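Asks: If you read the sequences in order, they're chains A and B.
Using the numbering used here, the letters of the first sequence map in sequence onto residues 1 to 669.
Using the numbering used here, the letters of the second sequence map in sequence onto residues 1001 to 1669.
In case anyone wonders, no lab produced these hints; they're calculated from the structure.
Just so you know, these numbers come straight off a predicted model, no measurement behind them.
The beta-carbon is built from N, C-alpha and C at its ideal position, and this holds for glycine as well.
Don't take each hint at face value.
Each pair of labels, with its calculated beta carbon distance range [unchecked claim]: (1) A:E616 to B:L1080: 47 to 55 Å; (2) A:G122 to B:H1279: 35 to 43 Å; (3) B:V1186 to A:S14: 31 to 39 Å; (4) B:P1570 to A:G586: 41 to 49 Å; (5) A:E407 to B:E1093: 50 to 58 Å; (6) A:S14 to B:L1080: 40 to 48 Å.
The calculated PhoX-like cross-link candidates involving lysine-lysine, where the alpha carbons are at most 25 Å apart (straight line), are [what the hints assert, rightly or not]: (7) B:K1117 to A:K347; (8) B:K1145 to B:K1183; (9) A:K145 to A:K183; (10) B:K1117 to B:K1183; (11) B:K1347 to A:K117; (12) B:K1117 to A:K348; (13) B:K1348 to A:K117; (14) A:K183 to A:K117; (15) A:K217 to A:K301; (16) B:K1301 to B:K1217.
2 protein chains.
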Amino acid sequence: MSPAPGLPDTPPPSERPSRVAIERVSPEVDAGRFAAKRIAGDRVEVRATIFADGHEVLAAEVLYRHDGAGAWSRAPMQLLGNDRWEGAFDVPEPGRFEYTVEAWVDRYASWLERLDKRHAAGQDLAVEFQVGARLLASAAAGAGKPGASGLRGAASQLPGLDPEAGVALAHAVADEACRYQDKGAVAAYARVLALDVERERAGFGAWYEFFPRSFGKDGAHGSLADAAEMLPYVRSMGFDVVYLPPIHPIGISNRKGPNNTLEPGPADPGSPWAIGSSHGGHCAIHPELGTLDDFRGFRAKAEELDLEIALDIAFQCSPDHPWVTEHPEWFEHLPDGSIRHAENPPKKYEDIVPFDFECEDWEALWEALLGVVTFWARQGVRIFRVDNPHTKPFPFWEWLIAAVRREYPDAIFLAEAFTRPAVLHHLAKLGFSQSYNYFAWRNTSQELSTYVNELMTEPGADYLRPNFWPNTPDILTGYLQSGGRPAFMVRLVLAATLAGSYGIYGPAFELCEDRPREPGSEEYLDSEKYQLRQWDLANPWSLREFIARVNAIRHTSPAFRNHATLRFHPVDNDRLLCYSRSLPDGGETVVVVVNLDPRFKQSGYLELDPEVVRVEPGGMYQAHDLLGGGRYLWQGSRNYVELDPATTPAHIFLLRTKHRTEREFEYFL
Amino acid sequence: MSPAPGLPDTPPPSERPSRVAIERVSPEVDAGRFAAKRIAGDRVEVRATIFADGHEVLAAEVLYRHDGAGAWSRAPMQLLGNDRWEGAFDVPEPGRFEYTVEAWVDRYASWLERLDKRHAAGQDLAVEFQVGARLLASAAAGAGKPGASGLRGAASQLPGLDPEAGVALAHAVADEACRYQDKGAVAAYARVLALDVERERAGFGAWYEFFPRSFGKDGAHGSLADAAEMLPYVRSMGFDVVYLPPIHPIGISNRKGPNNTLEPGPADPGSPWAIGSSHGGHCAIHPELGTLDDFRGFRAKAEELDLEIALDIAFQCSPDHPWVTEHPEWFEHLPDGSIRHAENPPKKYEDIVPFDFECEDWEALWEALLGVVTFWARQGVRIFRVDNPHTKPFPFWEWLIAAVRREYPDAIFLAEAFTRPAVLHHLAKLGFSQSYNYFAWRNTSQELSTYVNELMTEPGADYLRPNFWPNTPDILTGYLQSGGRPAFMVRLVLAATLAGSYGIYGPAFELCEDRPREPGSEEYLDSEKYQLRQWDLANPWSLREFIARVNAIRHTSPAFRNHATLRFHPVDNDRLLCYSRSLPDGGETVVVVVNLDPRFKQSGYLELDPEVVRVEPGGMYQAHDLLGGGRYLWQGSRNYVELDPATTPAHIFLLRTKHRTEREFEYFL
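All chains, please: the whole structure from these sequences, using the hints.
Replies: Written out as structure tokens, the structure reads:
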């Protein structure tokens, strides 16, 4: 245990310490213990509070480099005001970056400021010119040949000049003088900080989850080859990622029957999360789904369609998993010789045994589990949806994700962290690219805006990327159970337009499957986790077309990418939720309005922030509804909206602020 | 520059890492770079966010020790909820303390919780009893002799017992089993944190500043002996600290005349902050004030009256200071050979030359300045009011304060940091006990409540202690200039009841001196900084009695000490400001109401938080005005108040919630 910052000794510090203080550098996660996150192509804005005693002018730079090696690059920082400074650098490609901040008293700039004030006050400048000449001579000494002669010349000229000419010369050589002067004691921020840059899919993508086994011919168990025929359908809805529940052999012992019962029939397929049988474990494929070759075929088909595959990483075993007998030391044994099952007393999960991450042989276990991920990475998989990461040790995940990324820097990990806030955040800090979260249970405008603002606010904004799922095989919310087809449309639009990443579990979602196992339950009746289902994809009731339209808007409108700023706007009817996404520097702005009431028509006045609308007060502009197709002429910040859930419960407006008026015609005078 | 946290190597970490995460420890200032502050006698509440994977029960302790040496003491932490834990330790005496947090998975408690759940569900406990017996046997091995036999006995008994008896035994030995069990991998918080504990005066005291030289007989220059005769007067108003502007020889060169003019008459005394003449420097006493013996006499008289002396530490020189010739290397010389004067171009302070803290001989300069403080400490001074600390390097103050405290742990430093927020906060972090601040310029109820809430909120609350001054020799605010006598009463009550430490510059304050040098200026006309003033202390207009009453209330009511919680309450008239100070655990509550309008009577309804009033809704209680003497019967949280500035613009109510009703009499049935 290292000691606390001790009392300094009576003798002053051994080196002249810098007078500049550097504090509150952002982004910074837990005092630099964890890396902040960004997406390749981002511009990273680094801010810091920087100040010194007295009134002198300061200068500051961001230092940054890729992969923790090589020379530091430097970007100048500017004073924003109130001692807050900002500098920026670009991260064009994925990888680990490092950055920190340095600052110093800018003697030449301080002198120049003093000179200007004296000059403006009409004071005598003779002595100041001599002071400046000294500074220039010292800068000349620090400069290389090309810079030196100009500075040396200015140094000798300055004392002889009249006030006007001297001040002009002092300014003319300022850039070089500041660059080459002796900076004195430079202050370095206390820490070098880390930044993990990932590819765009880590922060932006639409996910579609389905059970391959439900797509066999005529109700038979589906294979990966059958499932491959689903891919054009998924692609037609505009999804980017296809996520498959575990595709490994399913155990026989204690296999679950339909609706999570304990007495399965002989034909019941069991839960895909009960991984492992005599056919193999986490690196094998369930025989009824096919072979590794079939998997490769599935992947090839997906790639053709520009779909990326996400696999489920569920680190748990059926009692029939080969490792249970090959590596009994990786499981906890009770005094009666049995293996401890997964449990949350008094509940027991009979078909699953957990790994004992604290066993004596933990190093071999960790290596074996890393081997599972790298095996599938070698099969071309780069997206891993991790099941229940919060029930495995945190240091394990930090180690595993870093180890995978060293070999596969484009690997993306989604944490299924339906757990307490501190744990959800901690998993994100450990390296997970994205996290499931509490979106599914936020329904009112107040709940949604509060929650989204919370996610977008520091410190979480620098490391936690939400992936919004309105449903999953485990989650059928009360809102979806009771709101009918409009409720599904509402939750889809919210998920797709509030978060960079979102996903649905289909076809249950697009077919508006809303029957719970029992009243008050959030589980699906006849859940696909325990049985095959047949889905009528051609049902005219399906939201397929609607979803396709929403995903198309996400793809064509850059405002839905990471760089956009999300902002909520007041509406005088709290059943309507209104928010905008704007690109910086005058780029595109979209305004989304959602009627959260799935039953009744709701109307109200939006109060858009004029900064977002970017028009003069009272100015006219066009709001083009990309979803419904309508075009509305709006004026100023206050505008009327009406949404009927019976048709479409949402607008996604693209604002066209360059609405022409007759004043813009040449003949108008 | 140390590298960023690197990617772990592919092999797992060399030791089995702990599963427990410890985050967000509070208090913590700038990731442990600086010490938090407390007052001797405080109970330090340490909070942390602590969690692990899975559902097991955790245990956590605060580790703490005095003076950074010796064994750690330990205090248990309790779970507050949502993964937030709290533990506490006492700091009975001043000094540097250290603390940190440790946590681990409590295996026995986790097992006990599981056992209870299974027992409640009527499940078979035989195997769990065997698991428990293992845990007890292992704890017995870890226990010393006295604990061991009980645990060993329980271990052998448990498997043979019936469920009821077994569960009872498991609980009976729980304390010992938890204490002696193998804790496995214990997580330690990443940092050991520091805490500076100071004596009470660092956080609680009423200050009175005056110029000794103004109290000579018949208009002559006053001496310290004359000034000593002021002390009973100061004490009669209930002040704790007497603060004297610099008492050192005043320079002749460029001496300032009345009202900061440049042409002094031969009798003009000059500014006490232009320190040093042929009579000596920072360790000498101005001849007209007397000798070091006179100073000792002054101090003795003050001590008799239970008044403590605060001296001004102004690290700057008159051009006549002996060091200017003895140590020219400590000053910056211009190319023309002259010494650079203090300046803020185009303004110049002709009577002052600053030290060059960046000179080549800086170590000797720093030592000499430390010598000034320790010289006065040897004369018995323990409170130092530091002039303009923000114009001297931060590392200098951090070093100096720590060095003084090593010899004089009871030394208190007040920073005159009228500067930008980041600098004000930084000086407090460096070790200053207290800070001047922006109180003087906060006038409306909105401004005052926002500012005070900001000061009380983390992170500042852990290191920045405000000292509220309604006026100083440099500051006569517009509010005081225009509001007449009631304005002075308002600002006094605010200062004295909002902050633990407050002060006034008198007799200008109690005599309601309100004439500025010129319209729009915040400087006093005929400022005592540049001339002697004669004050009519017996003027019936004086606020002497009023101040005495307010200070008496501060002294007798513990709610005005540090431990009290300050809270603002809404009033339906924003000219009235209402706040309460409550001691924890049902201790005393005072409610202050101030009419901020110095001209007109204002009335309104207070809306007191029922938690603060501590009565049932609709319950009756007495509000006893300690200032005006009135007693009011109040009911519930909403009560009427009316304040006339012509009499007294404030109430200081002590709430007596034990108001008796007839229901409490024995014969009431």
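Asks: Does each hint fit the structure? Answer for all of them.
Replies: Okay, the hints, checked on the actual structure:
1. A:E616 to B:L1080: 47 to 55 Å: Once the Cβ atoms are compared, 52 Å apart, the range 47 to 55 Å for L1080 of chain B and E616 of chain A holds.
2. A:G122 to B:H1279: 35 to 43 Å: 38 Å, holds
3. B:V1186 to A:S14: 31 to 39 Å: Holds: the Cβ-Cβ distance is about 37 Å, inside 31 to 39 Å.
4. B:P1570 to A:G586: 41 to 49 Å: Given a distance of about 42 Å, which is inside 41 to 49 Å, the answer is holds.
5. A:E407 to B:E1093: 50 to 58 Å: 57 Å, holds
6. A:S14 to B:L1080: 40 to 48 Å: Once the Cβ atoms are compared, 45 Å apart, the range 40 to 48 Å for L1080 of chain B and S14 of chain A holds.
7. B:K1117 to A:K347: Satisfied, since the Cα-Cα distance of roughly 10 Å is no more than 25 Å.
8. B:K1145 to B:K1183: Given that 25 Å is the threshold and the Cα spacing comes to 19 Å, the pair holds.
9. A:K145 to A:K183: 19 Å, holds
10. B:K1117 to B:K1183: Holds, at about 23 Å.
11. B:K1347 to A:K117: This hinted pair holds, its Cα atoms lying about 10 Å apart.
12. B:K1117 to A:K348: 12 Å, holds
13. B:K1348 to A:K117: With a Cα-Cα distance of about 12 Å, the restraint between K1348 of chain B and K117 of chain A holds, given a limit of 25 Å.
14. A:K183 to A:K117: 23 Å, holds
15. A:K217 to A:K301: OK: K217 of chain A and K301 of chain A at ~19 Å, within 25 Å.
16. B:K1301 to B:K1217: 19 Å, holds
In terms of the numbered hints stated before, the structure departs from none.
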